[in-house]
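K.L.:
So the chains spell out like this:
Protein chains: 2
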Amino acid sequence: MNDVIAAIATPAGEGALGIVRLSGPDVPAIAARFLRGPLRPRQAALAIVQDGAQPVERAMAVYYPGPETYTGEDLLELTAHGSPYLLSRILELAVRSGARLAEPGEFTRRAYLNGRMDLAQAEAVALLIRARTETSARAAFDQLEGKLSRAVEELRLKILGVLAVVEASLDHPDDDLPAFRPETEAEALSALAQAARRLAATHRRGRLAAEGARVSIVGRPNTGKSSLLNALVGRDRAIVSPEAGTTRDTLEEAADLGGMRAVLVDTAGLRDEGEAGPVEREGMRRARAQLSAADLAVVVLDRSVDFSGEDRRILDEAAAGGRPVIVALNKSDLPKRHHREDALEVSALSGEGIEALAARMRLELAAASGAPEGETLVVSVRHRVALERAAEALDEAARRTAEAELASVHAREALARLGEIVGKTAPEEVLREIFSRFCIGK
Amino acid sequence: MNDVIAAIATPAGEGALGIVRLSGPDVPAIAARFLRGPLRPRQAALAIVQDGAQPVERAMAVYYPGPETYTGEDLLELTAHGSPYLLSRILELAVRSGARLAEPGEFTRRAYLNGRMDLAQAEAVALLIRARTETSARAAFDQLEGKLSRAVEELRLKILGVLAVVEASLDHPDDDLPAFRPETEAEALSALAQAARRLAATHRRGRLAAEGARVSIVGRPNTGKSSLLNALVGRDRAIVSPEAGTTRDTLEEAADLGGMRAVLVDTAGLRDEGEAGPVEREGMRRARAQLSAADLAVVVLDRSVDFSGEDRRILDEAAAGGRPVIVALNKSDLPKRHHREDALEVSALSGEGIEALAARMRLELAAASGAPEGETLVVSVRHRVALERAAEALDEAARRTAEAELASVHAREALARLGEIVGKTAPEEVLREIFSRFCIGK
Chain A
1 MNDVIAAIAT
11 PAGEGALGIV
21 RLSGPDVPAI
31 AARFLRGPLR
41 PRQAALAIVQ
51 DGAQPVERAM
61 AVYYPGPETY
71 TGEDLLELTA
81 HGSPYLLSRI
91 LELAVRSGAR
101 LAEPGEFTRR
111 AYLNGRMDLA
121 QAEAVALLIR
131 ARTETSARAA
141 FDQLEGKLSR
151 AVEELRLKIL
161 GVLAVVEASL
171 DHPDDDLPAF
181 RPETEAEALS
191 ALAQAARRLA
201 ATHRRGRLAA
211 EGARVSIVGR
221 PNTGKSSLLN
231 ALVGRDRAIV
241 SPEAGTTRDT
251 LEEAADLGGM
261 RAVLVDTAGL
271 RDEGEAGPVE
281 REGMRRARAQ
291 LSAADLAVVV
301 LDRSVDFSGE
311 DRRILDEAAA
321 GGRPVIVALN
331 KSDLPKRHHR
341 EDALEVSALS
351 GEGIEALAAR
361 MRLELAAASG
371 APEGETLVVS
381 VRHRVALERA
391 AEALDEAARR
401 TAEAELASVH
411 AREALARLGE
421 IVGKTAPEEV
431 LREIFSRFCI
441 GK
Chain B
1001 MNDVIAAIAT
1011 PAGEGALGIV
1021 RLSGPDVPAI
1031 AARFLRGPLR
1041 PRQAALAIVQ
1051 DGAQPVERAM
1061 AVYYPGPETY
1071 TGEDLLELTA
1081 HGSPYLLSRI
1091 LELAVRSGAR
1101 LAEPGEFTRR
1111 AYLNGRMDLA
1121 QAEAVALLIR
1131 ARTETSARAA
1141 FDQLEGKLSR
1151 AVEELRLKIL
1161 GVLAVVEASL
1171 DHPDDDLPAF
1181 RPETEAEALS
1191 ALAQAARRLA
1201 ATHRRGRLAA
1211 EGARVSIVGR
1221 PNTGKSSLLN
1231 ALVGRDRAIV
1241 SPEAGTTRDT
1251 LEEAADLGGM
1261 RAVLVDTAGL
1271 RDEGEAGPVE
1281 REGMRRARAQ
1291 LSAADLAVVV
1301 LDRSVDFSGE
1311 DRRILDEAAA
1321 GGRPVIVALN
1331 KSDLPKRHHR
1341 EDALEVSALS
1351 GEGIEALAAR
1361 MRLELAAASG
1371 APEGETLVVS
1381 VRHRVALERA
1391 AEALDEAARR
1401 TAEAELASVH
1411 AREALARLGE
1421 IVGKTAPEEV
1431 LREIFSRFCI
1441 GK
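Residue numbers (our numbering), protein chains in the order written: chain A, 1 to 442; chain B, 1001 to 1442.
Hints are all accurate, no fakes.
Now the stretches of chain B that chain A is said to cover, found in silico as 3 or more residues with beta-carbon under 8 Å:
hint, region
1, 1014–1027
2, 1035–1044
3, 1082–1093
4, 1126–1134
One side of the interface only, derived from the structure: several residues of chain A facing chain B at Cβ under 8 Å:
hint, residue
5, P11
6, G15
7, Q43
8, I129
9, C439
For the record, the hints were derived by calculation from the structure and aren't laboratory data. We put the CB at the ideal spot given by N, CA and C, even for glycine.
Take the sequences, apply the hints, and build the full model.
P.N.:
Spelled out as structure tokens, the structure:
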């Protein structure tokens, strides 16, 4: 990290403004070679970008002297006109002046290596940039602000507390130390394993927040599943016709259910396979495959026809594996032939009840994720796995407290696993993998 | 302009950083409703973007108090993570706090209306953002820095000088004024008309710089025109085969000839129409149409076969209308059957001579544009037309100096025309048309 890195930090394409940023130990020296104008700490000042004696652009320069900066190094941000040509030109001048092109995520990598943020926070930067909904942006922002890191650090400190007692009994078996009681420490370690597992379990919700939930819309043919998808998404995505079996393949559409991203999947109508031809049978097979991967099922019944054994079978199939199910009694615009207490009455045609259905979907998904609003969320699989392994190690340590040495080994293993999350013990491959997913300039 | 406008100023899409900007009289008051943190003039400071009590993002805020700002008003730039969702969210919060969405070019329009730049400079902002080459970026930058405006202002001042003498003779015919000699003033006005025409004539070069030149590559079938296009562009754009007549439609490809943008047009081979089928004849018709619109023709001869009457006719056709012509003697890798002093020997196959050909194309295009490097360039048609009309009015004034009143009317007409360029006399429709071509946020 003894060189200066440079990159265009704004998205590609034409815009009003664009930013070129430089970070490293020699930033003012390098800037002096292609920039005319004073650099005053944290002051925005106009500077002329020059190619030799030729002025190329008038940019707003803000110089942040290290180490109290994003990267922990001297940092320079040049805001110029958002011309892709001009921004490349400025970048090229920076490189000719001694900087080198930054790799993806290298600014944030330096921030991490210089202790400006831990690894979980660094990962949150990429999450935040990719956030699509209020829920995912909030989860990423919380992680960036250190919410997850603090939860992990708290666990680590508690483990260290137990470990101190366990290891003191090893180092000074004959000293006059506070009594070491294996049962008490075992209880403490089990409680910590539980806490780690609880945190890991928020990953379901975290994943839903970041990636969105999968919602299968299922039902008999011609109950109006495609119309319902269109009504929920608010535009004509699926082809709708009064003819049964119009939808043969599955159709996916992203929707924002009041700040929670969901992928709605419209599927072929399900009925007795014996009555269906080969194309329809394949459609039903796909519908069932989608259903088995869904976080939530919306079963659509047609209230203008009688409830049937097929409807019953579909409801059972949808609820299999403990998946939450919402029953939508469609065609509330037509005369009613059956009623269900547990169903929401909707009309995909008139839009009646659609808002209520979307709200219910959001509630069910929030409940299914098993963590109340505002709680720390684990978004990344990497973090979940580390927490689960830490919990296993803590359980093992709890079982071994009678043999203090073994208990210590397992508790230290748990510490190492938790350390991976915040990056205290993350190997180089993990860092490489994490930062390669970043965009250039971040 | 008594409201605050807001927009995302960076290009759409994900990136490391993105900017939301606000301009108007109440910026600090509006910012206080969704931003927590101190705003110190021209100081970069971290601020928390808040939705009510909920923190949404940590952004770098730079506050520029008016009137010494881009827009001439209070201006606030918030640099946040380059997440499209997050930037829209911040924009939405600004709007909920009392700002309104800016229209395309509205920031620059305010800069113009507040006298921070003249109209020619405002137009240069859009040119600079769209610049693709060194030449076009430089022309736009010069215009933004006021080079054209100064040239126009100089003309205006000289006209005003003559006008003062002419009008003094009207207002005070009997006073003891410096002698008014119609011939002297006529000469001065004609010289100014000439100067306006010279400036207007730079438009050819200005257009070439901004839009790029059109270069037709013509020649008999199978001389290697498509291979030459590929060699100049540096990748396989045109389909090449040893079979004569492979290119039937015309193919265009943009190329950067050492800082000058050009559109190279590969065309069908030209030969006796009697020998060609209908498809080939249509190809030849299109080749000729392209040639007639070209700023430069590159005639490709095959030096491994004899020079023919058809080659002669193509050379004549290419040079028609005074268009510059470069002769490329292709296939320098094969034995030579004819030689020409005026030709560049090239091999599209080996790449030999291609650099020299590109350099020559650039030189010819620079020469064809009729203005030496470094001179003020008129890039926009609007400016050229205004200059030409000013020249006509000046000529008319020169012819009428014997009737001082008429001379004065025409000289004032010339002033008004020149005033349109810098915006002293531009009607609202012109402003609307100009700023509608801007991107939002500029």
